[in-house]
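S.K.: Residues per chain, in single letters:
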Amino acid sequence: MRLRYLPRIVVCLAVVALTQSAAHAQDRPRAFVGAKIIPIEGDEIAAGTLVIEKGKITAVGPVADIKIPDNAEKVDVTGKVIMPGLVCTHSHIGGMRTGSGGADGSGPIQPGVRIMDAISVHDAGFKRAVAGGLTTLNIMPGSGHLISGQTIYVKLRLENPKPRKIDNFFITASDGIPLGGLKMANGTNSMHEPPFPGSRGKSAFLVREQYIKAREYHDKVTRAAGDPAKLPPRDLHLETLVEAMQGKRIVHHHTHRHDDIMTVLRLASEFQFKVVLHHISDGWKVADEIAAAKVPCSVIVIDSPGGKLEARDSKFETGGILEKHGVPVAFHTDDYITDSRVFRRSAALAARAGMSRAGALKALTLAGAEMLGLQDRVGSLKAGKDADFAILQGDPLSVYCQTQQTWVEGVKVFDRSIASDHLYAVGGFGAGTELIPYLCCYDNLTAGSDQ
Amino acid sequence: MIKGVGSQFASGFAIVAIVALACLPSAAQAQLAVRGKVVHTMAGPPITDGVVVIQDGKISAIGVASQIAVPQGFRTLEAAVVTPGLIDAHSTVGFSGILNQPHDQDQLEHSSPVQPELRAIDGYNAQEDLIEWVRSFGVTTIHTGHAPGELISGQTLIAKTTGRTAADAVIVEARAVAATLGTSAQKTGGKSPGTRGKSMAMLRAEFIKAREYKEKRDRAAAAGEKAEPTSRDLRMETLVRVLDGEQPLLVNVQRAQDIASALRLAKEFNFKLWLDGADEAYVLIDEIKAAGVPVIIHPTMTRAFGEHENLSMETAAKLVAAGVPVALQSGYEAYVPKTRVVLFEAGVAAANGLSFDQALRTITIDAAKILGVDARVGSLEVGKDGDIALYDGDPLEYTTHCTGTVINGRVVSETVR
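Protein chains in written order, with the working numbering: chain A, 1 to 451; chain B, 1001 to 1417.
The hints are simulated quantities; they were obtained by calculation from the structure and are not laboratory data.
Take these hints with a grain of salt, some might be off.
Listed next, the stretches of chain B that the computed footprint assigns to chain A, with coverage defined by at least 3 CB atoms under 8 angstroms from CB atoms of chain A [to be verified]:
#: 1; stretch: 1126 to 1134
#: 2; stretch: 1338 to 1348
Now the in silico label distances, taken between C-beta atoms and shown as ranges [said to hold, decoys possible]:
#: 3; chain 1: A; residue 1: H192; chain 2: B; residue 2: S1111; range: 24 to 34 angstroms
#: 4; chain 1: A; residue 1: H192; chain 2: B; residue 2: K1198; range: 41 to 51 angstroms
#: 5; chain 1: B; residue 1: K1289; chain 2: A; residue 2: D70; range: 50 to 60 angstroms
#: 6; chain 1: A; residue 1: A46; chain 2: B; residue 2: V1416; range: 24 to 34 angstroms
#: 7; chain 1: B; residue 1: T1076; chain 2: A; residue 2: A64; range: 47 to 57 angstroms
#: 8; chain 1: B; residue 1: K1191; chain 2: A; residue 2: N168; range: 43 to 53 angstroms
#: 9; chain 1: A; residue 1: G247; chain 2: B; residue 2: K1187; range: 35 to 45 angstroms
Far from chain B, some chain A residues (derived; all Cβ distances over 12 angstroms) [unchecked claim]:
#: 10; residue: P29
#: 11; residue: K80
#: 12; residue: F170
#: 13; residue: D335
The beta-carbon is built from N, C-alpha and C at its ideal position, and this holds for glycine as well.
Please work from the sequences and hints to get the whole structure.
M.R.: Shown next, in the form of structure tokens:
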């Protein structure tokens, strides 16, 4: 009986050996030679070389200008296109399997809740995301609360080693703390039966009340000057709001209607938190005001207007209109709302509706990185940045262009030519998610209908 | 008296004359020529530097521009690429409105699981905003009506994406009867159907009843005046039309097991089946082909969750390669986007195995053939309706614009979108 298992053990050992050699290969520099390179920072390079080593980019430039290290493994990518790994500023992958993932129904304001505590790293959605060339995500709780919790910034490190827990995906500060933002929402999504607000006025009041409390909490902590006798009891909710007011945690604010957008700007100004406006169906109506407030926007591109009252006037032109007003623009998938595999399409449709090509491509990469405060690490192909990139077989704004490979920190995490990866790129048994996600408040999504 | 009648006639003629005069400018507009650097007729190879001439709403000539004389006074539109007006083989546009509020959602009646008697014509809102939206991308014909979500939800119709009323728009008033197999049509809390087995048992019972109704009706007809008068049953009448092959049963399914059930049901009752959605069709290609059943496949970009978890963006390509008739659809959406656009879905299908020509066929001539309206729409041929879409490049490409849409020879959209 025991002998029957021998071949399998041998196979396992062989796999381990291969994995180890692959891990070792990482230490050698790799040079991708001959591709058209879209670095996002700087002009497109018709025939370029990208050199990576130990998970970082060490050189990018025209083939003629880049000296390839002698010990480098050379990869011929003539005819391909290389661009930075895509950055999605607003995703729900892995965190929406049951319930809303973040805050629960006990109240509208729960900043102490962390989405990192709810994410399954085994969700097939991550595999689908790398198939779309995504490498960095901001995973958020839903929009059914005024404040639904802390978001988490992740890298899709799907290989070498295989992730076993969400911690393997964290992007950390120098002190090892995982980085993330704070999710807020206004408008109809966060209005429900009490204790949730029933109106926009009440929504804003409840948020102001909490930020004022947090300010007072912070004042108490400051006055205590470390004296345990004077310190207030630690409050995870208020502590998080203090982090937002100190600029340590960027507020990612779901908002659609023009007046709701103005409310966010008003709150951000009163409490001095850094904010990114998300979705902004009506953003084009108040572009001047958004520009004046110098607030960046993460725009969702949806195939048709409507589906909810607040999105009645959403349009493909929003990205281009904001760009012309000088507003920083990124796009997001809101995955599952749009599929990460076709994320480039959001930029392409915006380009179709008047946005510049450069702006549209930046909105998939560097602009998103800036909105997460990660622009020093990701979002462009530049020496010193993380080796996160996608190899495409065509123009990124073309429907016919497939993502062939995706690399995260110098490790290949997706290769369309491998059958098991191709499965996630196109779909099939095992490539989907068996449960219907639940974001917050759309009863018709979960009750009987097929979406 | 006679004089009076005469004067009535006279004034009647006068009115006709005035109306005709008032219509003249638009009537003149209705005489149209559309030139394209490439004209995809879908009835032969593409024509380079082609022209389509539309007279009184119908195509009167088509060919190479240098060989076709466009009559004097015709308005001429020009585009890089010209295709037939697109056909969305299954939508709920006109029923599931843009606002997604109870008052504009008429695609599904939940009061009972089996209601084939509901007619689409009684719920179609010809002025709904999303009709204008899909039209602005070149969609001119939609097969729309009662949605998936109940065992038998009602009937569908085929309409042009223009007109102020259902009567103006509709070209086939009662097309299919819409049914659903799978969890989306199942109930909880002890209500039926609560399972797949019960769903099929209920459907079989309905069709057996319909068979008996038909036999009784036929016997009564044979007996003539001697027969006992029978009262009409609108539900049974509808199902009899399905049994008679007048209306196909459009069965929305995702799972392979439900596809197999639909094929089994169609075989037992010998009705015309259209598979709708059919996410897992790629594992039953041989069976679908053998049954001679067309597939109106799910939107390529349908989200891979729930019963859709195993869908593949390559299914359309696999079915087409096997010779199964395939059309694409925008489908039903409960949230955002409230409607998809078949043009976009065809583009992604073309990026996943379909050739450009095959992809375009799934939203033009092949869709028309499945829906049974290919005598009027789906290709650019003399005698067919003057339904045309104009583009400034490859229609399937993300960054191309639809620059105009023509229905029955009338320019209905000039929005560049």
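S.K.: Could you run down the list of hints and mark each one as holding or not?
M.R.: Hints, verified against the model:
no.	hint	in the structure
1	1126 to 1134	holds (count 4)
2	1338 to 1348	holds (count 7)
3	A:H192 with B:S1111: 24 to 34 angstroms	27 angstroms, holds
4	A:H192 with B:K1198: 41 to 51 angstroms	34 angstroms, violated
5	B:K1289 with A:D70: 50 to 60 angstroms	58 angstroms, holds
6	A:A46 with B:V1416: 24 to 34 angstroms	31 angstroms, holds
7	B:T1076 with A:A64: 47 to 57 angstroms	51 angstroms, holds
8	B:K1191 with A:N168: 43 to 53 angstroms	45 angstroms, holds
9	A:G247 with B:K1187: 35 to 45 angstroms	51 angstroms, violated
10	P29	34 angstroms, holds
11	K80	17 angstroms, holds
12	F170	26 angstroms, holds
13	D335	9 angstroms, violated
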